[in-house]
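Asks: In numbering that gives the first Met the number 0, the protein residues as written are 0 to 63.
These aren't lab readings, by the way, just hints derived from the structure by calculation.
Check the hints yourself; a few may be wrong.
Unchecked claim - Pairwise CB distance ranges, derived in the manner of DEER restraints: (1) V48 - L17: 26 to 34 Å; (2) S55 - R26: 21 to 29 Å; (3) L19 - N39: 30 to 38 Å; (4) A23 - N44: 29 to 37 Å; (5) D27 - Q5: 29 to 37 Å; (6) N39 - P16: 26 to 34 Å; (7) G22 - N44: 19 to 27 Å; (8) A23 - S43: 29 to 37 Å; (9) Y28 - V48: 17 to 25 Å.
Note that the structure is predicted; figures quoted are calculated from it, not measured.
No residue lacks a Cβ here, since even glycine has one placed at the ideal position from N, Cα and C.
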Amino acid sequence: MHSVGQVTPQSQHFAQPLALQSGASLRDYTLVYETYGTLNEARSNAVLVCHALNASHHVAGTYA
Numbered sequence: 000m001h002s003v004g005q006v007t008p009q010s011q012h013f014a015q016p017l018a019l020q021s022g023a024s025l026r027d028y029t030l031v032y033e034t035y036g037t038l039n040e041a042r043s044n045a046v047l048v049c050h051a052l053n054a055s056h057h058v059a060g061t062y063a
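Just need the whole structure built from these sequences, with the hints factored in.
Replies: So this is what it looks like as structure tokens:
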């Protein structure tokens, strides 16, 4: 089994509302995420994983 090593969560705060498909909007929210590895020059090696079941930003390891 390979380890991704120590990963530190990062966050980005958004003050501008995000319109949702339902017509509602998210206001004043913070997006928390983790990155693994390095983005290549073409920026083609990124993968977005949405954890709908546990609402966590953590996608690797025991508690993912």
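Asks: Take the hints in turn and mark each one as holding or not.
Replies: Do the hints match the structure? See the list:
Range check, V48 to L17: about 19 Å between beta-carbon atoms, so the 26 to 34 Å window is missed. S55 and R26 have their C-beta atoms about 22 Å apart, which keeps the hinted 21 to 29 Å range intact. About 31 Å separates the C-beta atoms of L19 and N39, a value consistent with the hinted range of 30 to 38 Å. Evaluation of the 29 to 37 Å hint for A23 and N44 yields a pass: the beta carbon distance comes to about 33 Å.
Between D27 and Q5 the Cβ separation comes to about 30 Å, which falls inside the hinted range of 29 to 37 Å. Take N39 and P16: their Cβ atoms lie about 33 Å apart, and the range 26 to 34 Å holds. As the Cβ distance of G22 to N44 is approximately 35 Å, the hint placing it in 19 to 27 Å is violated. One distance hint, 29 to 37 Å for the beta-carbon pair A23 and S43, holds here, with the actual separation near 33 Å.
For Y28 paired with V48, a C-beta distance near 19 Å keeps the hint of 17 to 25 Å intact.
Violation of the numbered hints given earlier is confined to hints 1 and 7; the remaining hints are satisfied by the structure.
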